[in-house]
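Chemist: Spelled out from the first residue to the last, the chains are:
Protein chains: 2
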Amino acid sequence: MEEIRLEPPPELNMNIGQAMFSQRAIRRLKPDPISDANLKIILDAASKAPNGGNWQPGRFLVIRDREKIRAFGELYREAWWCKRRDEKHSWTTREEIPDADKVHQSAALLADEIKDAPVIILVFAIRPRMASSVFPPIQNMLLAARSLGIGSTLTSLHPQIMERVYAMFAIPADAEFHACLPLGYPRGRFGPTSRLSTGDTTHWDRWDNPPPWK
Amino acid sequence: MEEIRLEPPPELNMNIGQAMFSQRAIRRLKPDPISDANLKIILDAASKAPNGGNWQPGRFLVIRDREKIRAFGELYREAWWCKRRDEKHSWTTREEIPDADKVHQSAALLADEIKDAPVIILVFAIRPRMASSVFPPIQNMLLAARSLGIGSTLTSLHPQIMERVYAMFAIPADAEFHACLPLGYPRGRFGPTSRLSTGDTTHWDRWDNPPPWK
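Respectively, the protein sequence lines represent chains A and B.
Under our numbering, residues 455 to 668 are what the first sequence spells out, in order.
Under our numbering, residues 455 to 668 are what the second sequence spells out, in order.
Just chain A, same shape as in the assembly (with noise of 0.2 Å):
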């Protein structure tokens, strides 16, 4: 395969700082269809990320084809219940999650309705233990859509689906899966979020020692 050289897309102008820092997980997504040009700057985006001993080893499983998203969605809320199983929650429907759990309440939304999302992507490595060289990759498709006005969210699966699912795209066995990404215009908005401070998550010179910031 031949390598070849990109300029920047004039779509990806948005300003760096904004677009990081308003990217949030977009898990409420309208039906309205995203175009191939938008994906195609969203892949070619992922390929300009570092990755291990230039190998680039990721490969990408775009979903647009309506039945095979419903069927797929089907598998996805299996194996997001799947999840909570092992996490040793009892709940076993969405009402039983309590109001205040954001976090679950919301991806518990996502696993009804992905099957109705526009897009799916898949991310794997046609190399082992190359996490490394897929998630920076995976954070450029998530800002690049961000700065497209697409939302998504950064998702994996559950080993119990697997085998159906490398079935259903006629996916090789030497290719691992490392991400699941739906895509699609978000129903609810981007914005801020709240996140530790990098003041208590960062060492200075040793272990025990802050920072010369808050």
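It is possible that some hints are incorrect.
Pairwise CB distance ranges (calculated) [what the hints assert, rightly or not]: (1) A:Arg-643 / B:Thr-546: 50 to 60 Å; (2) B:Arg-583 / A:Asp-555: 17 to 27 Å; (3) A:Asp-555 / B:Glu-532: 23 to 33 Å; (4) A:Ala-525 / B:Pro-582: 30 to 40 Å; (5) B:Trp-661 / A:Glu-532: 45 to 55 Å; (6) B:Gly-642 / A:Trp-545: 20 to 30 Å; (7) B:Pro-582 / A:Glu-528: 55 to 65 Å; (8) A:Glu-528 / B:Arg-539: 24 to 34 Å; (9) A:Pro-626 / B:Ile-580: 29 to 39 Å.
Calculated directly from the structure, the hints in this document are not laboratory data.
Given the structure is predicted, the values throughout are model-derived calculations rather than measurements.
Ideal Cβ positions, reconstructed from N, Cα and C, are used throughout, including at glycine.
Chain A is already provided as a structure; the job is to place chain B on it using the hints.
Modeler: Same frame as chain A, but now just chain B:
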């Protein structure tokens, strides 16, 4: 620990397409210092990336002390050559690496010179199996650095030196090491990279189906 909201730093004003499409591994670093203000911007950018379940497990050890960087640099160099031995390369000095092998030439140069880098950031997770929650933050750091004109490259460390690194910086055993980022202003230039075409790395609805572009 308290969560906070942050406004986008006005310094992160590069167009996101330009930042992503001119990001490349910068291994030839000037010794010029990087300001604490710029390091805070880079770490704040990391904090805004997605992470699983909002656990925010990423922790960042920023090494600026000259003596510590020099001592760490010796370990880094030892680790780099250990990895060549694992890869069954017969080289034991930089001079033995073929000129045509630019990837190893450039990485060997970094192994010699990292002792003079103005800053090194080591990235950890305080929960196990959290690569998906630290590499998106790492990519934000690399993009934020690039947009500030600061170069870096995503590297790793060989297990042979790990115990000594943990002792050197009083790192707790339950913090899991993920990456080593040397930072500095570039002696070379940022610029375009050549990568596989996304026409070759993208699959459309099925693994055996190409996308609607070359």
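Chemist: Decide, hint by hint, whether the structure agrees.
Modeler: Verification of the supplied hints:
no.	hint	verdict
1	A:Arg-643 / B:Thr-546: 50 to 60 Å	holds (57 Å)
2	B:Arg-583 / A:Asp-555: 17 to 27 Å	holds (23 Å)
3	A:Asp-555 / B:Glu-532: 23 to 33 Å	violated (48 Å)
4	A:Ala-525 / B:Pro-582: 30 to 40 Å	holds (33 Å)
5	B:Trp-661 / A:Glu-532: 45 to 55 Å	violated (22 Å)
6	B:Gly-642 / A:Trp-545: 20 to 30 Å	violated (54 Å)
7	B:Pro-582 / A:Glu-528: 55 to 65 Å	violated (31 Å)
8	A:Glu-528 / B:Arg-539: 24 to 34 Å	violated (49 Å)
9	A:Pro-626 / B:Ile-580: 29 to 39 Å	holds (35 Å)
Of the numbered hints given earlier, the model fails hints 3, 5, 6, 7, 8; all others are met.
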